[in-house]
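If you read the protein sequences in the order shown, they are chains X and Z. Quick note on numbering: this note's numbering labels position 407 of the first sequence as 407, and the sequence is numbered without any gaps. Quick note on numbering: this note's numbering labels position 5 of the second sequence as 443, and the sequence is numbered without any gaps.
Simulated from the structure, these hints should not be mistaken for laboratory data. One thing to keep in mind: the hints can contain errors.
[Unchecked claim] Derived Cβ-Cβ restraints for the label pairs, each shown as a range:
hint: 1; chain 1: X; residue 1: GLY368; chain 2: Z; residue 2: PHE635; range: 33 to 43 Å
hint: 2; chain 1: X; residue 1: ARG129; chain 2: Z; residue 2: SER530; range: 35 to 45 Å
hint: 3; chain 1: X; residue 1: ARG202; chain 2: Z; residue 2: LYS631; range: 48 to 58 Å
hint: 4; chain 1: X; residue 1: VAL71; chain 2: Z; residue 2: GLY611; range: 38 to 48 Å
hint: 5; chain 1: Z; residue 1: PHE635; chain 2: X; residue 2: ALA384; range: 54 to 64 Å
hint: 6; chain 1: Z; residue 1: LYS631; chain 2: X; residue 2: GLN373; range: 37 to 47 Å
hint: 7; chain 1: X; residue 1: SER147; chain 2: Z; residue 2: LYS631; range: 42 to 52 Å
hint: 8; chain 1: Z; residue 1: LYS631; chain 2: X; residue 2: GLU276; range: 50 to 60 Å
hint: 9; chain 1: Z; residue 1: ARG461; chain 2: X; residue 2: HIS203; range: 42 to 52 Å
hint: 10; chain 1: Z; residue 1: SER530; chain 2: X; residue 2: PRO407; range: 46 to 56 Å
hint: 11; chain 1: X; residue 1: ALA377; chain 2: Z; residue 2: ALA664; range: 56 to 66 Å
Treat the numbers as computed from the prediction; the structure is a model and nothing was measured. A virtual CB, placed ideally from N, CA and C, is assigned to each residue, including glycine.
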Amino acid sequence: MSQLSGWGRFPVVEGIERVSENFEAATAGAELSRGLGRSYGDASLPGTRGGVVARSTRADRLLAFAPATGVLRAEAGLSLRELNRIFLARGFATPVSPGTQYVTLGGMVASDVHGGNHHVAGTFGEHVRSLRMRVPDGRVLEVSAQSEPDLFLATLGGMGLTGHILEVEVQLERIPSAWIYRESRRVRDLDELVEASLEGSRHWPLTKCWFDSTARGAKMGRGFSIVGRWAEPGEAPASPPELHERIAVPPLPLGLVNALTVRVFNEFWLALHGRERKGVVHPQAFFWPLDGLLHWNRLYGPRGFAQYQCVLPIDRDPRVVHRFFEVMTRLGCPSPVSVLKDCGAQGRGLLSFPKPGISIALDVPLRGARTQQLVDALNDVVLAAGGRIYLAKDALTRAEHFRAMEPRLPRFEEVRRKWDPERRMKSALSVRVLGDVP
Amino acid sequence: MKAVLLGATSGMGRALSRLLAERGDSLFILGIPADDLTRSARDLEERGAKGPVGTLECDLLNPSGFDAALARADDALGGFDTVVVTAGLFASQERLEADSEFCRKLLAANFTNTVLFCEAARKRLLARGGGTLCVFSSVAGERGRKPVVLYGAAKAGLSHYLEGLDHKFRAQGLVTVTVKPGFVKTSMTEGLKPPPFAGEPEGVARQVLRAIERGTPVVYAPPPWALVMLVIRALPRFVMRRIGF
Numbered sequence: 001m002s003q004l005s006g007w008g009r010f011p012v013v014e015g016i017e018r019v020s021e022n023f024e025a026a027t028a029g030a031e032l033s034r035g036l037g038r039s040y041g042d043a044s045l046p047g048t049r050g051g052v053v054a055r056s057t058r059a060d061r062l063l064a065f066a067p068a069t070g071v072l073r074a075e076a077g078l079s080l081r082e083l084n085r086i087f088l089a090r091g092f093a094t095p096v097s098p099g100t101q102y103v104t105l106g107g108m109v110a111s112d113v114h115g116g117n118h119h120v121a122g123t124f125g126e127h128v129r130s131l132r133m134r135v136p137d138g139r140v141l142e143v144s145a146q147s148e149p150d151l152f153l154a155t156l157g158g159m160g161l162t163g164h165i166l167e168v169e170v171q172l173e174r175i176p177s178a179w180i181y182r183e184s185r186r187v188r189d190l191d192e193l194v195e196a197s198l199e200g201s202r203h204w205p206l207t208k209c210w211f212d213s214t215a216r217g218a219k220m221g222r223g224f225s226i227v228g229r230w231a232e233p234g235e236a237p238a239s240p241p242e243l244h245e246r247i248a249v250p251p252l253p254l255g256l257v258n259a260l261t262v263r264v265f266n267e268f269w270l271a272l273h274g275r276e277r278k279g280v281v282h283p284q285a286f287f288w289p290l291d292g293l294l295h296w297n298r299l300y301g302p303r304g305f306a307q308y309q310c311v312l313p314i315d316r317d318p319r320v321v322h323r324f325f326e327v328m329t330r331l332g333c334p335s336p337v338s339v340l341k342d343c344g345a346q347g348r349g350l351l352s353f354p355k356p357g358i359s360i361a362l363d364v365p366l367r368g369a370r371t372q373q374l375v376d377a378l379n380d381v382v383l384a385a386g387g388r389i390y391l392a393k394d395a396l397t398r399a400e401h402f403r404a405m406e407p408r409l410p411r412f413e414e415v416r417r418k419w420d421p422e423r424r425m426k427s428a429l430s431v432r433v434l435g436d437v438p
Numbered sequence: 439m440k441a442v443l444l445g446a447t448s449g450m451g452r453a454l455s456r457l458l459a460e461r462g463d464s465l466f467i468l469g470i471p472a473d474d475l476t477r478s479a480r481d482l483e484e485r486g487a488k489g490p491v492g493t494l495e496c497d498l499l500n501p502s503g504f505d506a507a508l509a510r511a512d513d514a515l516g517g518f519d520t521v522v523v524t525a526g527l528f529a530s531q532e533r534l535e536a537d538s539e540f541c542r543k544l545l546a547a548n549f550t551n552t553v554l555f556c557e558a559a560r561k562r563l564l565a566r567g568g569g570t571l572c573v574f575s576s577v578a579g580e581r582g583r584k585p586v587v588l589y590g591a592a593k594a595g596l597s598h599y600l601e602g603l604d605h606k607f608r609a610q611g612l613v614t615v616t617v618k619p620g621f622v623k624t625s626m627t628e629g630l631k632p633p634p635f636a637g638e639p640e641g642v643a644r645q646v647l648r649a650i651e652r653g654t655p656v657v658y659a660p661p662p663w664a665l666v667m668l669v670i671r672a673l674p675r676f677v678m679r680r681i682g683f
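Can you build the whole structure from these sequences, using the hints too?
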């Protein structure tokens, strides 16, 4: 029995983690599988106290790769970092990359992750060709859009609740070099921030904006925008980039992230990155800036932190982003890593997170009832705007809020009823927001 | 390098075989079961192993198959120059005391059969003027200790054999590398509480590859275990009798 938690280190649930090179065997009878535990809240935690969760991280073998087509098949525990270490130098990358490389292929499917190119490439699930799964009744099947369409689509973004993902076959993207050409510039307020994001996406395949979550009034929404693309061979260094070794944050007796330190940090960060810059950068600095700092979640101390990410449709009412920021700054949200990005079309996964609109991600140190209050208030704005939240980040959203945000839920539940009538698969997340019985 | 590996599908063997593959070495892997070997062979090929990676089922509990397996590997590789043995069984002292059938298996696999495999490999290597034999023993074989009485006894015998082999045949070109891992986080040690200086298989693999390249006769991995075992070896018996380590 061990204490399991996600990247936010909240909540903590007692469970049995089963890890083996033979992941297929380890998943037999397990109520959930997990990878590197990088979802922030309770998505990778067992639904029952002491429940068995199979961990995929030792199932990390490459099974087939066709350089002519770029199709890779690998065991679900292969990390994106290992994939990048092997394939960036060969001229291939995953078509979609989330904000950290410390995720597994299985986790990328289960959360249907997206990245700075969502407006052109969609989510990771759009590029998945086939999955090998242990379905809830214990059988092991090949699952694709052709063979089992309902299960396949429910599994993309299905938070691991539709079965255990054992192998992933995904289309990699051929890249001109493994370096990134990027430009960044400062934005002074929220109007500029949103406009910079939308404008960037009209011209660039990779965009994101960082903002200062503590700035109020006229400065609300200040930050900087970053746009980029894979660098052409002529402008990139000749050798492929080395993935940096990491510095580890030690366990800390109390958190270093609070309203004061975040204010100082955000000023510093804006001064550091808010200048107009152009040039070729290391892919790690562009895609996965926090990967250089191992165990950075320890900065929040033993109490942990919550992530919050939502998407707000702006086609009906563009002012909704302002309302969101007003609630956020009024209730106070000292978030050092705050990212805004416009999303493209909704993916095919039944519960896939992104949809057209403005996506906002915040890191929030946990401060008891105040944090719950903040999440509730933000969710009210999201709900009124017709938006939704990202389950892979979530720890605090209430079931009634989630259900109201998610008109696709009945279709997902129908697939679960068909494939898992006895509810063998469950997680702490599904108990919290989907009403599964622990 | 043309290497045969017994036990490359998991743990430290997997990590070491991947390093060899990334250097572009030719590999042939032995172990059980067949489909697991095939998956590891594909993995090693995609990571850069030279040519197809051959596989053959070879069970450490069935020594009658050893020579035929090595003959097949020899044919496939065109004469191997390196043999790596990471395979072995493990169980807690409690389980071995309670389950005499499994205890017999473990002692046979970790001592008798490993020695027989090494003998078969040694003969083939010496017949062509030498090579490297790298075998994973354990720090458990350094001293009689309460938590590893039985497992440690088999590993002590194995370490002794490997030391003798190195003394006797190094002049003829056979380099024996004995790896003595301390606590390494693999499936074998899953569920045990990691002590200080617990290592990761990838780190151990890098250390072992250096030792193979340099012909280092004994490797403690991770390195702090060399110091730990120096102390343990020096402790008087009345102290060992009192401590639980």
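Going through the hints against the structure:
1. The beta-carbon spacing between GLY368/X and PHE635/Z, approximately 39 Å, falls within the hinted interval of 33 to 43 Å.
2. A beta carbon spacing of about 43 Å between ARG129/X and SER530/Z agrees with the range 35 to 45 Å that was offered as a hint.
3. Between ARG202/X and LYS631/Z the Cβ separation comes to about 55 Å, which falls inside the hinted range of 48 to 58 Å.
4. Taking 38 to 48 Å as the suggested C-beta distance range, the pair VAL71/X and GLY611/Z conforms, at roughly 45 Å.
5. Restraint check, PHE635/Z to ALA384/X: a C-beta distance of roughly 56 Å satisfies the suggested window 54 to 64 Å.
6. Between LYS631/Z and GLN373/X, the C-beta spacing of about 40 Å keeps the proposed range 37 to 47 Å intact.
7. Range check, SER147/X to LYS631/Z: Cβ separation about 43 Å, and the 42 to 52 Å hint holds.
8. Under the hint 50 to 60 Å, the C-beta atoms of LYS631/Z and GLU276/X, about 53 Å apart, fit the expected range.
9. Restraint check, ARG461/Z to HIS203/X: a C-beta distance of roughly 43 Å satisfies the suggested window 42 to 52 Å.
10. Judged by the Cβ atoms, the range 46 to 56 Å given for SER530/Z and PRO407/X holds: they are separated by roughly 53 Å.
11. Between ALA377/X and ALA664/Z the CB atoms are about 58 Å apart, so this pair conforms to the stated range of 56 to 66 Å.
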